[in-house]
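Protein chains in written order, with numbering that gives the first Met the number 0: chain A, 0 to 86; chain B, 0 to 910.
Calculated from the structure, these hints are not laboratory results.
All C-beta atoms in this analysis are idealised placements derived from N, C-alpha and C, irrespective of residue type, glycine included.
Check before you lean on any hint, since a few could be wrong.
[What the hints assert, rightly or not] Straight-line distance between alpha carbons at most 20 Å, and here's what the computed EDC-like set of lysine to aspartate or glutamate pairs gives:
(1) A/Lys37 x B/Asp628
(2) B/Lys800 x B/Asp628
(3) B/Lys353 x B/Asp338
(4) B/Lys800 x A/Asp29
(5) B/Lys494 x B/Glu465
(6) B/Lys318 x B/Asp376
[As the list claims (entries may be wrong)] With the Cβ distance kept under 10 Å, some of the chain A side facing chain B (calculated, not the full set):
(7) Met1
(8) Gln2
(9) Pro6
(10) Asp12
(11) Leu28
(12) Ala35
(13) Arg54
(14) Trp62
(15) Glu73
(16) Gly81
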Amino acid sequence: MMQFTCPHCGPRDQAEFIYERTADAVVSLDAAPEEAMKSLFTRNNPRGVDEEIWRHTYGCRAWMVIARNRVTNEISATRAVGPEALP
Amino acid sequence: MINFSFDGKTYQAQKGDTLAAALLRNGIGLVGRSFKYHRPRGIMTAGVEEPNALVTVGDGGRTEPNTRATDVFVYEGLVAKSQNRWPNLSFDIGAVFGLAAPVLSAGFYYKTFFGSAKRWMFYEYFIRKAAGLGNAPTKTDPDHFSQRAAFCDVLVVGAGPAGLSAALEAAEAGKRVILVEQDNILGASLIRDGQDRDGAWVEATQARIRAAGGRILSRTTASGYWEHDLVTLTQRVAEPGQIPMHGVAQRLWHVRAGQVILATGSIERPMAFGHNDRPGVMLSQAVRTYVRRFGVVPGKRVVIATNNDDAYKTAYALKAAGAEVVAVLDARPAPAGTDSGLPVYNNAVPLSTKGARHCLKSVTALVHGLTESWDADLIAVSGGFTPVVHLHMQAGGTLDWNDAAQAFVPAASRQNVTTIGGAANPDPVFNVVPVSKPKKSFIDFQNDVTLSDVDLAWAEGYRSVEHLKRYTTLGMATDQGKLSNMAALGRLAEKQGVAIPEAGLTTFRPPYTPVTMGLLAGAGAKDAGAHVRRLALYDVHAAKNPIWQPLGYWFRPRAYPVGSETLAQAAMREAKAVRSNVGMTDVSTLAKFEVSGPDASAFLEIICATTVGKLAVGRGRYTFMLREDGFVFDDGTVWRLDENRYLLTSSTGGADRMATHISYVRQYLCPHLRVSAVNVQEHYAGIAVAGPQAKAALAALIGEEPSRHMSTVTAMIAGVPVIVLAASYSGERAFEIYVEASQAGPVWAACEAEVAKQGGALYGLEAMEFLRIEKGHLVVGGEVDGRMTPHDLALDKMLNKAGGYVGASGLSRPALSEAGRRQLVGLEAIEGDIPEGAMLVTGEGVSPQGHVSAAAFRIMDGGSIALGQLTDGFARHGEELIATSPTRGQMARVRVVAPHFYDTAGERYRD
């Protein structure tokens, strides 16, 4: 079980989080059909660092983007998302 | 003295004995039968690596099969039984399989599985009966298993001299320390080999660690090393089969450590020689442990076979205990050091043993190329040392090859883990290559894999170590190859003509030693396995003794039978009340979201595939939601409570999924919108009142003219504020009344009284299903099964033409509106009752063209009707088909019709 640092709650067990999808699988609302299908069905699946969307479901419920190395599970960055995180 | 029993006979043990020590103390050599060949087996080791002496311990629900006799400490009243034998241990019919050994060699299962099915059918009965370990208990375990989380700066695994020193240093440096030891006392090798002052040092070190705030957990195994330095510990609070003092038998710890220090030592290796699996063949350090720790001398005339210095300590210990060491077979070519005073033979390796069922009788060895034999009742073997690298490997570590020790040692790891002590620096040994083809030369004792099995796998073309493992089942027993893997690797490397490190390694997976299922479940067992969500009006329903229906985490009344009514009778009576008069039901579980803010309309037009912003205040409409790929995934209603405030409802079963979806869209896709979307599912309880008399009932309840169909008003019922939505799922004029859940009781009571006054009834989910099927309304999970587009469900006319909603681009793919798709249809029986779930075919032997998603009966007129999905169904109204369910032997002839069986014009909604 990994440990993530929630931008709002600090370090917590992975069990408190739910994985949504990788950031490259996000379908933007104005995506053309080909682009949307590419996001849904042909992911990058990198052997290395990937940006993933997780939610602190059993904590503050906030969404975040976590940069995780998919070979070593090293977490290199965590970024809050949502209205409060807008610049 | 402590009394215990083995196979029904009572024996005495000394305090501190393991079961293995106690059995040896009582002269019991034969402890079990082997897995495949039913060969007699004894005790081989003194630790958790024991492959042979597996017993069933305990009674009833506390029964623990496959317990290593070396890993259970005897307590008063312990009951142990041998396994895998019938009718008894000494005379075991299964042992004839030993005679059939050539048949059961490597790859037997593979060959049988891939052979003709008949062959497997023939063998299966015998294999299932003969092969195997202990039997799982059939009664519920009466004990509790608890789980705890802990954090520390330094976790030290193993309390030998290295582990104790490391823990002491860290604790006295002010770090939070946890030290774990699988044994029930600390010291590890010092217990076996300690000199006079060592015992006192172990005591003093423990005391100092505790004084510095360190936590010491004995009888605790670090069973798994997971990500980010999380280590699971399994703590035996009570011994296997023992009645726990405080109810808790075992405890599972989740320890998140800043740093992990592994001082896990090493496991002695056996040697490969003929009949090396008999009772009386033991590992050298194990013999020394029995002699020095337990005061049990397992043999009177002992041969020692070694390739290293360590085994000489065993010889001295045996001599000191009064046993006769008849030969020390040292594989090394020349004597090392001074005269030991022992009968040492250099360049000597064991060849084979002879013995009876219970004991060893003689040992034959190859000394300088010549055979020589000794009468002996024990052979103590040391083939070198395998560092315990399991946790290091589970942590994602790598290994280095230590040629002097002929062993893999821990190298770099991606986690914060260090290995110290014997596990990092094993003793040097002399490499012994097994004599070419000894008979019955076992390397995996628990799974009965011999050297010749490895040779056979090689001969049959299995080159990779992973294939070898699966083909021979080597290393796949409950001991996970703790003793066997190195021997197999050595043989494979020899065959490949490469050095051992090039032959490859198999994966090390948790747990290090077997873990009881109950421990993993912890408190989440039995009723606590899944949580139950209770309706706000649960007690009101329960008082009426309904038939309950599980629905997700909820339980909802399925019907309220009166007298001796069956479910079907009650549901039909309830549905008739709705059609002819008035009925009421609890709809509290529907998903509900309050969406408000200046951008509420824009937000809802992203979530919903229909238009929303054009709704007048006080009005509502049906809506549905798409996945990103364009398929319908939920439906409901949306109500404009105010200019910038909406109430959105959707299905019960999809409620959690919809909550996540809404949150994802709001937080991730559209953070810039000025909107708040709050999940109010459990904030409101909901009551539906439906039927021709519903309007009159509601007028009486709220004291004013009720709103028209698809309009909403706020009102008061029984002095409680409510929101009334004039919506209908049943097909009748109907109202959904939403009230803050904590105040639902009086509102329900007022409604129930009014419905009763109108001569109506309560109805449950079953009646609701009848009503909605007749009306042709969809259910998520039924007609909306994740494979249907809005076109397939004839909802496309409602789509928001401006687009912009989730799924719009996915839906625009041409294939989603092409011919040949399954489409929603109604089905009317011509003959027979339509079976739910049946497939739709045009005749016998033809591929199915659809299926029945929901079946019911016409409520007022009778007759079997159904909803279904049919290829190009819209154009096939009038066609006759067969609805067949071969697995249930049910069949009906049906006619395809429009999916509306009742009030197609929708006149009953209007006043």
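Against the structure, the hints come out as follows:
1. A/Lys37 x B/Asp628: Status holds; Cα separation ~11 Å.
2. B/Lys800 x B/Asp628: The hint holds at about 17 Å.
3. B/Lys353 x B/Asp338: violated, 30 Å
4. B/Lys800 x A/Asp29: holds, 15 Å
5. B/Lys494 x B/Glu465: Holds. B/Lys494 to B/Glu465 sits at ~15 Å (cutoff 20 Å).
6. B/Lys318 x B/Asp376: holds, 15 Å
7. Met1: holds, 4 Å
8. Gln2: This interface hint holds because 4 Å falls under the 10 Å limit.
9. Pro6: violated, 13 Å
10. Asp12: holds, 8 Å
11. Leu28: holds, 6 Å
12. Ala35: At about 4 Å, which falls below the 10 Å cut-off, the nearest Cβ of chain B leaves the hint on A/Ala35 intact, so it holds.
13. Arg54: Since the shortest Cβ distance to chain B is 8 Å, the answer is holds.
14. Trp62: holds, 5 Å
15. Glu73: Holds: closest Cβ of chain B sits about 7 Å from A/Glu73, inside 10 Å.
16. Gly81: holds, 4 Å
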